[in-house]
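Trainee: Next come the chains, spelled out residue by residue.
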Amino acid sequence: MLFMQEGPANTVNYMIAGYVVIFSVILIYLVSLAIRNRNLKQDLEVLEDVDQKDQ
Amino acid sequence: MDTKPRFLTILDGITGVLFVIATAMVFFYAPEETVMGQVQRVFYFHVSAGWVGMLGFMVAAVAGVIYLRTGRHNWDIVGLSAVEIGMVFALINIVTGSIWARPIWNTWWTWDPRLTTATIMELIYAAYLMLRSGIEDPDRRARFGAVYAIIGFLSVPLTFFSARLFRTIHPVVIGTNQPGATGAFDMTPKMLQTFMFSLFTFSVLFADLLWHRIRLGKLSDRVEQLKLKSMA
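So the sequences go chain by chain: A and B.
Mapping of the first sequence onto the working numbering: position 9 corresponds to residue 9, and the numbering continues sequentially without gaps.
Mapping of the second sequence onto the working numbering: position 195 corresponds to residue 195, and the numbering continues sequentially without gaps.
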């Protein structure tokens, strides 16, 4: 059907949906990296304190 | 903890600027495709995400080979990092392909060879993460992970060539389309420039993310070692 019509098809909603997915997934991954980094740094601080006390 | 290298901060900035330019080119520089309309713009980042996915899996396989030869744990971290990033971008590739397919193929999904092999590839690497999470011993986990990443890489060329070797409706960018391919289009010079720039931007984004993920992996290793030390 798409190829029988005159002029470009109105598919702007699908384009928006596509780019919402792209930006959202990348953003979620970046946030997950930041959260994991923060949590590991907190763990490291605690463990280094414990290690120093043990010595 | 090591401070963030200056070049990584610069790379973050470069990646951000490139990403903004690539997005602007997709929406304002590349012309609207005459048949498919605006949804064709998904193509630029859809293919770039697929490229980064496959690049990630290739890096993981190479890291696996180097780990098995040298036994250096850093290469295990590289492999895991590359798989994780590859999976994120392969997922983007699959989902955006499905969104593009709805108006072009009149369906969200079909078990076409390209779509099927891409999904199998993603599932193979999901199993890689599951395999790793089930092994406690770090050396054994790294060894199994390396072998799995090498064998799993077979799914990458299979996915890449599936649209060229089998009867498929999926169009290809490089090479000749199958007779039944639906949604193929002739790229104008501006479209080609936008496409190449998007590929370049996503490659730089991959390098940037990989560096960050490797640093995270090293931090995680250090925490794991201290935990083991405190328990001993």
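Be a bit skeptical, because a hint or two may be false.
Negatives, chain B to chain A, calculated, CB over 10 angstroms [stated by the list, open to error]:
| hint | residue |
| --- | --- |
| 1 | Ala49 |
| 2 | Thr70 |
| 3 | Pro138 |
16 angstroms max Cα-Cα, derived EDC-like pairs, lysine to aspartate or glutamate [said to hold, decoys possible]:
| hint | chain 1 | residue 1 | chain 2 | residue 2 |
| --- | --- | --- | --- | --- |
| 4 | B | Lys229 | A | Glu6 |
| 5 | B | Lys227 | A | Asp43 |
| 6 | B | Lys218 | B | Glu32 |
| 7 | B | Lys4 | B | Asp208 |
| 8 | B | Lys227 | A | Asp49 |
| 9 | B | Lys227 | A | Glu6 |
For the chain A half of the interface with chain B, some residues (derived, Cβ under 10 angstroms), not all of them [as the list claims (entries may be wrong)]:
| hint | residue |
| --- | --- |
| 10 | Gly7 |
| 11 | Pro8 |
| 12 | Ala9 |
| 13 | Tyr19 |
| 14 | Lys41 |
The hints are simulated quantities; they were obtained by calculation from the structure and are not laboratory data.
Backbone N, C-alpha and C fix where the C-beta goes; we use that ideal spot for every residue, glycine too.
Trainee: Please go over all the hints and tell whether each is borne out by the structure.
Mentor: For each hint, the structure was consulted:
With a least beta-carbon separation of about 7 angstroms from chain A, B:Ala49 fails to lie farther than 10 angstroms from that chain, contradicting its non-interface assignment. Every beta carbon of chain A lies more than 10 angstroms from that of B:Thr70, the smallest distance being close to 26 angstroms; the non-interface claim holds. Against the 10 angstroms criterion, B:Pro138 stays outside the reach of chain A, whose nearest CB is about 16 angstroms from its own CB. Only pairs whose Cα atoms come within 16 angstroms are accepted, and B:Lys229 paired with A:Glu6 is rejected, the gap being roughly 71 angstroms.
Pair hint B:Lys227 plus A:Asp43 holds up; C-alpha atoms about 9 angstroms apart against a cutoff of 16 angstroms. Of the pairs offered as hints, the one joining B:Lys218 and B:Glu32 is violated, with about 45 angstroms between alpha carbons and a cut-off of 16 angstroms exceeded. Restraint check: the Cα-Cα separation between B:Lys4 and B:Asp208 comes to about 13 angstroms, which is no more than 16 angstroms; the hinted pair holds. Taking the CA atoms of B:Lys227 and A:Asp49, the gap is near 12 angstroms; set against the 16 angstroms cutoff, the hint holds.
Under the criterion of a C-alpha separation no larger than 16 angstroms, the hint pairing B:Lys227 with A:Glu6 is inconsistent with the structure, at around 67 angstroms. Interface restraint check: A:Gly7 against chain B, minimum CB-CB distance 8 angstroms, threshold 10 angstroms, status holds. Look at A:Pro8: its Cβ gets to within about 4 angstroms of chain B, closer than 10 angstroms, so that hint holds up. The interface hint given for A:Ala9 holds, since its Cβ lies 4 angstroms from the closest Cβ of chain B, which is under the 10 angstroms cut-off.
The restraint placing A:Tyr19 at the interface with chain B holds, with a minimum CB-CB distance near 7 angstroms, inside the 10 angstroms limit. Nearest Cβ of chain B to the Cβ of A:Lys41: about 6 angstroms, under the 10 angstroms cut. The hint holds.
In this structure, the hints that do not hold are numbers 1, 4, 6, 9, in rising order.
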